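In this text, residue positions in the sequence shown follow this note's numbering: the first is 2, and each later residue adds one.
A hint or two may mislead.
[As the list claims (entries may be wrong)] Restraint ranges, calculated between C-beta atoms of paired labels, are given here:
| # | residue 1 | residue 2 | range |
| --- | --- | --- | --- |
| 1 | 4 | 273 | 36 to 44 Å |
| 2 | 205 | 273 | 26 to 34 Å |
| 3 | 96 | 339 | 30 to 38 Å |
None of these hints come from the bench; they were simulated from the model. These figures come from a predicted structure and were not determined experimentally. All residues carry an ideal CB built from backbone N, CA and C; glycine is no exception.
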Amino acid sequence: MSEATARDIDLLATLRPEAREAPESGIVEVMSYGMTRPGLIPLWAGEGDLPTPDFICDAATRSLAAGETFYTWQRGLPELRQALADYHARLYRRDFDPERFFITGSGMHAIQIAMRMVAGTGDEVLVPMPAWPNAAAGVGLTGAVPVEVPMTFSDNGWQLDLERLEAACGPKTRAIFINSPSNPTGWTLDHDGLTAVLEIARRKGLWLIADEVYHRFHYDGGVAPSFHDVATDEDRILYVNTFSKNWAMTGWRIGWIEAPPALGDTIENLIQYSTSGVAVFMQRAALAGLTRGNEFVDYQVARARRGRDIVCDALAGTGRVRFARPEGAFYLFFSIDGQPDVAKLGLRLVDEANIGLAPGTAFGDAGKGFMRLCFARGEDSLNEAAARLVDWLKRTA
Numbered sequence: 002m003s004e005a006t007a008r009d010i011d012l013l014a015t016l017r018p019e020a021r022e023a024p025e026s027g028i029v030e031v032m033s034y035g036m037t038r039p040g041l042i043p044l045w046a047g048e049g050d051l052p053t054p055d056f057i058c059d060a061a062t063r064s065l066a067a068g069e070t071f072y073t074w075q076r077g078l079p080e081l082r083q084a085l086a087d088y089h090a091r092l093y094r095r096d097f098d099p100e101r102f103f104i105t106g107s108g109m110h111a112i113q114i115a116m117r118m119v120a121g122t123g124d125e126v127l128v129p130m131p132a133w134p135n136a137a138a139g140v141g142l143t144g145a146v147p148v149e150v151p152m153t154f155s156d157n158g159w160q161l162d163l164e165r166l167e168a169a170c171g172p173k174t175r176a177i178f179i180n181s182p183s184n185p186t187g188w189t190l191d192h193d194g195l196t197a198v199l200e201i202a203r204r205k206g207l208w209l210i211a212d213e214v215y216h217r218f219h220y221d222g223g224v225a226p227s228f229h230d231v232a233t234d235e236d237r238i239l240y241v242n243t244f245s246k247n248w249a250m251t252g253w254r255i256g257w258i259e260a261p262p263a264l265g266d267t268i269e270n271l272i273q274y275s276t277s278g279v280a281v282f283m284q285r286a287a288l289a290g291l292t293r294g295n296e297f298v299d300y301q302v303a304r305a306r307r308g309r310d311i312v313c314d315a316l317a318g319t320g321r322v323r324f325a326r327p328e329g330a331f332y333l334f335f336s337i338d339g340q341p342d343v344a345k346l347g348l349r350l351v352d353e354a355n356i357g358l359a360p361g362t363a364f365g366d367a368g369k370g371f372m373r374l375c376f377a378r379g380e381d382s383l384n385e386a387a388a389r390l391v392d393w394l395k396r397t398a
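Using the sequences and the accompanying hints, generate a full structural model.
Structure representation (structure tokens):
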């Protein structure tokens, strides 16, 4: 061992274990490997290929030109919080108090704040898997332990075993993290399932962290079933969400938490001590999205539905791919016969098919043997990607 290597190891040893042991992303590994490949079709990340609409960007530009470059309300602009209340009232057909909404510096920031409020060193948070890796990592960064609750996959699609979920609750359990519609599987809890999960949380005295980021991307019509449909305002639920997906604002890094108003001072403090608030021009952009962006969201959802059909129909015809047609979100999670090592498969597909997919191992042990494909793209791009993958399957039969 060199002197420099030994010194680096000593430095790392002085860090907190929750920081030092934060898992590396399997998605980033494939992206770094294939990012500069000419002509590669990137379907690995959780975003579409449309830029933020002009009417949203223009709102930010006007804000900057008006000199709105100072500190602002830590909880968020009052008019944006009111717009979120109005937006939810339209979706769920009942009144919402704007005091329930708090603006954060991304959906991930919302998740981290939620985790820090309900869990810490020695605690446990249940996470149904496969799941977006940042959820479990967000638990670990608080010092708590993410407890994976494996979902089952069959000809009937992905299912959450409610008995297994309740059995995983122990004396250290503080919360259950539920992402529905799901990244990466597209699985979506129906109203009976939502009610059952809520009843478990009530019986056990647990918090629910409800990640409903993909609530508009639902392919059975209308908004996806939500805990808003079955819960009361007094239930222990922290909703985490983002402007990234619906309004094509992934690079803006702005999201929100919905929580009981009694938690307002606590959430405000956590925002103050982490980011000191979200820039006003970004909030003006988000406000434009909420108040003027419904047609754009509908367009994105219809586009994603077409994308789902393109890739599902193409891969189903090969006879070598197994998947459940996603009910929501904008990902296809599939397995390929004879290809169990998906970490290596992701790299191979970059080299041999010039397409970028995320390995299922990035989404927990329950994702072994699967690949994730993001279909939030234009038809031409997806038709070409599907043709490349089908051709690769034929060549490797």
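Against the structure, the hints:
In this structure the supplied range 36 to 44 Å holds for residue 4 paired with residue 273, their Cβ-Cβ distance being about 43 Å. Our hint of 26 to 34 Å for residue 205 and residue 273 holds, since their Cβ atoms are close to 31 Å apart. Between residue 96 and residue 339 the CB atoms are about 55 Å apart, so this pair departs from the stated range of 30 to 38 Å.
Of the numbered hints stated above, the single one contradicted by the structure is hint 3.
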